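Mind docking these for me? Both chains are given alone in their own frames, and the hints should help you get the complex.
Going line by line, the protein sequences match chains A and B.
When we follow our numbering, the leftmost residue of the first sequence carries the number 2, and every step to the right adds one.
When we follow our numbering, the leftmost residue of the second sequence carries the number 926, and every step to the right adds one.
Since the hints were derived computationally from the structure, they do not count as laboratory data.
Accuracy of the hints is not assured; some may be wrong.
Pairs of lysine-lysine residues, derived as DSSO-like cross-links and limited to a Cα-Cα distance of at most 27 Å, are as follows [as the list claims (entries may be wrong)]:
(1) 23/A with 43/A
(2) 951/B with 59/A
(3) 23/A with 106/A
(4) 58/A with 106/A
(5) 951/B with 58/A
(6) 938/B with 43/A
(7) 58/A with 43/A
(8) 43/A with 951/B
(9) 106/A with 43/A
From a predicted model like this one, the values you see are computed outputs, not experimental measurements.
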Amino acid sequence: GENVEQHPSTLSVQEGDSAVIKCTYSDSASNYFPWYKQELGKRPQLIIDIRSNVGEKKDQRIAVTLNKTAKHFSLHITETQPEDSAVYFCAASGGYQLIWGAGTKLIIKP
Amino acid sequence: DAGVTQSPTHLIKTRGQQVTLRCSPKSGHDTVSWYQQALGQGPQFIFQYYEEEERQRGNFPDRFSGHQFPNYSSELNVNALLLGDSALYLCASSSGTGLSYEQYFGPGTRLTVT
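Just chain B, with the same shape it has in the complex (with noise of 0.2 Å):
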């Protein structure tokens, strides 16, 4: 039973470049969550898919962006990347019929923007 997994693993991009991550969520799971890490920080939520909507988020600007596919992996764009976009960057899937349900996190990808 594969886990949640997460591509790539590291980025390194410019400012005002754009950047494409992608998950994978857990067998059985529908539900992806995204998350930023800053060093040394707990997650901060960016938001939430649910059935290919975006059914929450978080205090991020409209730079960041998503989308869920049919298969429920998710996808997360940066645009316009800015140098206080580094950091670690974590999925998590759920099972979303209710609320408040244990989210399983992947290996995160690190972004590095220079």
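With the rest of the complex left out, here is chain A (with noise of 0.2 Å):
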């Protein structure tokens, strides 16, 4: 069955810096790539997504990047915020139902 990676588990970055979490996925039918952001206590929400027949999508400072032949793809934040500090997870999907990474804890020091 499918299996998704998930690195860091824990990343720190000063205000202002981007920020890159990276994911690889096994099972080469799988194409479709959300990333979801859970804050402390509250609900997994979808912040930006990706089919596999795109390499790259951005919407205002994250941008997601898949490369299908490695079987890896990245979300990226640039001009990190204090909001943004919060659990991301990758996920992917081949068919209805989602196989999640394990989650990067996302740390923003001022």
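Right under this line is the structure:
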């Protein structure tokens, strides 16, 4: 079955710097790759997603890249702000269910 | 436009008891997925309901069962509760006409088994 690995588990960056979170997946049939942000005690919120027919997608300070050959995808956050502090999850899907990574705790230092 | 709602917010049960959790999908969505999220981990897929049928199931025992009603709302039932069932249970809704559609989550139900 599908397996998604996510790195790093914790990422600490200075406010204003960029943050990059990386995920790899195992099932070449996966074709949908969302990223979720989860603040403490709250629900996961979809922040950006990409499908396998696209290599890159941007939404303001957030971008996602996908390398189908290498089976990895990454989340890029530029000009980080205190409100970006949260746990970020990547996921992959080739069918009906989402398979999730273990999460990355992003800490923004003032 | 109401988003995904879940009830109850919190629940405390004893080992061996049974529990029912409820979910109402976002307006316009007809598919409901259930996930279990243990503390410090990513959500684990339990199952998905579409057209009142279980469409796909994750690696969870038969103690976990569900139902979807004609109005697309859904229930998750867990029998013979174990301490390890303590977790945040998340419901996500989506449009079910195709594969791999965006899933939007409810606030979750925090289940504690003592």
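Here is what the structure says about each hint:
no., hint, result
1, 23/A with 43/A, "23 Å, holds"
2, 951/B with 59/A, "26 Å, holds"
3, 23/A with 106/A, "13 Å, holds"
4, 58/A with 106/A, "22 Å, holds"
5, 951/B with 58/A, "25 Å, holds"
6, 938/B with 43/A, "22 Å, holds"
7, 58/A with 43/A, "26 Å, holds"
8, 43/A with 951/B, "17 Å, holds"
9, 106/A with 43/A, "14 Å, holds"
The structure is consistent with each of the numbered hints, conforming to all of them.
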